[in-house]
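Chemist: Chains as they are written, first to last, in our numbering: chain V, 1 to 169; chain P, 1001 to 1455.
In case anyone wonders, no lab produced these hints; they're calculated from the structure. Note that CB positions come from ideal geometry on N, CA and C, so glycine has one too. Treat the hints with caution; some may be incorrect.
Stated by the list, open to error - Rough simulated footprint, nothing fancy, chain V against chain P, three-plus residues with beta-carbon under 8 Å:
#, region
1, 1131-1143
2, 1277-1291
As the list claims (entries may be wrong) - Which chain V residues face chain P? A few, computed with CB under 8 Å, are given here:
#, residue
3, Y27
4, L28
5, E37
6, W109
7, L114
8, V124
9, F128
10, G141
11, M162
One-letter residues, chain by chain:
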Amino acid sequence: VEVLVRRELGFAGFVRENMPALLRTAYLLTGNGQQAEELVQDTLVRLYPKWARVEAADVPLAYVRRSIANAHINQMRRSGRRELAFEQVPERSDPHDALGQLADRDQIWAGLRLLSARQRAALVLRFFEDLSDEQTAAALGCRVGTVRSLVSRGLGTLREQMTEAHRHD
Amino acid sequence: MTDDLEREPTAAALRRSLAAHAAEAPKGELLARRIIDSAGADVPVAGPPSRRGWRSWALPIVAAGAVAGVVAALVGIEHVRPTAANQPGSPTPSVLSTQQPTPLPTTSAPESPAPTTVPAVPSKLANVRIADLTFVGDDVGWALGSADCVGGRGRCTAVLRTTDGTHWTGMSGAAFNMLDVKGCADPCVTKLRFANDLVGYAFGPSAFYVTTDGGRSWHRRPGGAIQLETLDNNVIRVTGTNGGCPGPCNIRVETAAIGSSSWTPADFIPNQLDVSAVLLSREGHDAYLLLTGNPAGGAPSATSTLYRSRDDGRTWQAVGEPCPQTGQEVDSTAIAAGGADRVSALCATRQSPQRYRVATSVDAGSHFVGRPANVPLDRVAALAGDPDTALVAAGSGLARSTDGGVHWHRIAEVTGTIQFVGFESMRVGRAVSQNGTRIWTTRDAGRTWQPATIG
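Required output: the full structure, derived from the provided sequences and hints.
Modeler: Take a look at the structure:
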């Protein structure tokens, strides 16, 4: 009973403290608030029975983040789907639109939808979580060379999107 | 390579984009509490796999008439199914007219004693008219409608199913009337919603049916529903009674797990009595319920009220009239939940000719901003979609906006009055026109629509 209570206290404290950070990561991976919540929830529920292992990690938050990234990649692989991706990038706004033209960051955000789950995860871990290539490789369970390839190809796709968008300006 | 990356303009833009969009992530206070509570109980939080994401359906014209059109009378149910006497091989006609027991009061229908599974009807039905659609995937869906009775005498209720989004097959077992069958006499069903491949609900204000086998058999349950939407492993239904009010009275909200017959009253207290229509829209854990005021006689106080739930319909908060009142009477007539706290309302002026605009919110309905552009349609009755991607207004045609209602353009290829519009995902949506005989499908968030004629 004592072990169970301790586990619950540790788990609850972690969830309360880190929920916003976990949701940010999940949101960047999925591009959707609802899916982000489900991804975080599914991951935490799966980790809860082995919470002692999470707490024993050097950085428990990093451990859970890795789990979230991998859960997302596996989920996408199993279902064979590409999130709520558009078949094409959403059409651009009217140039006289009062809301203004899409900024670079929004072109990038739209372009992220075109990437595979692994490419997107590599970019999020590398450029949002600021992990090194080696840490990203460890998180994704692949070689450093694979991470560099994922990042390079992902950036290439985003670059093409931005170039294409600017061409229509 | 790392240094090169840091100097790469795309990488820099990506960093900025990720940082900016991370701020839009949900905060998750409720989610944290739910996960912690469930962990304390040492049970998994997640139920069976649910449909995820984004669903927005609107039945603009037919449903409004249906709410007021409930007639409780002792009548026969005509539906398109063969009896035991006219199974395949039987020479007898396959039209069934079954006398039902005297209907009970509208909210106390009995539990049906047993499933009434019957063989499938002929898949080719004649003169099908669709009244409502429901999809559980891009191409797996059901339709509620009517068709010529097999044998050619009158109209019969038809439930149809598609697994490819294009070809529809008639199903048996629909032991209820719908709008153009017997004047929708009790049991009168006006809408159909499926939660997954197996569990679905057919309902009207005084009739409620559940199927757990994909629509092959239907079981009557007590009560009825004015609105019902399923998402995220639960069902929200809105009930009411017809008792002298212009619209429904005694409006209540209940929730249940998918397929469960145990309904829990929601924490919902409506602050208006004079309601002409009830509209429900969901996205993720958020649900929006719009109770529209009764504008008959031009009463300036006939305001609408939007209610918001952030926890799958369990608790509700009134957030006021969504459409800004700009010196003239403006009615909020439809609501469409989008993603990430975005929600849109359709605003109709009472002047003649009526003009329609949209108001959008990016904070889950707390504040709405009116958009200046008129929707380029003569009549607008429904709104679907997401202001950040594509909003579609439906009425005397379809119009689409990709900038939250700032600009609109009419969808030229879709003509005639639209009876129904809805989106299953951000890309895939459907509209019904031509008096229910034509289903339009979009797979690019409403930019292009392809027609299919039913029957």
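Chemist: Give a verdict on every hint.
Modeler: We went through each hint and held it up to the structure:
1. 1131-1143: With 0 residues close enough to chain V, the hint is violated.
2. 1277-1291: Holds, because 3 residues of the region 1277-1291 of chain P bring their Cβ atoms closer than 8 Å to Cβ atoms of chain V.
3. Y27: 4 Å, holds
4. L28: Holds. Min distance 6 Å.
5. E37: Constraint on V:E37 satisfied, holds at 5 Å.
6. W109: 5 Å, holds
7. L114: Violated, about 13 Å.
8. V124: 7 Å, holds
9. F128: 4 Å, holds
10. G141: 21 Å, violated
11. M162: 7 Å, holds
Of the hints listed earlier, those the structure fails to meet are numbers 1, 7, 10, in rising order.
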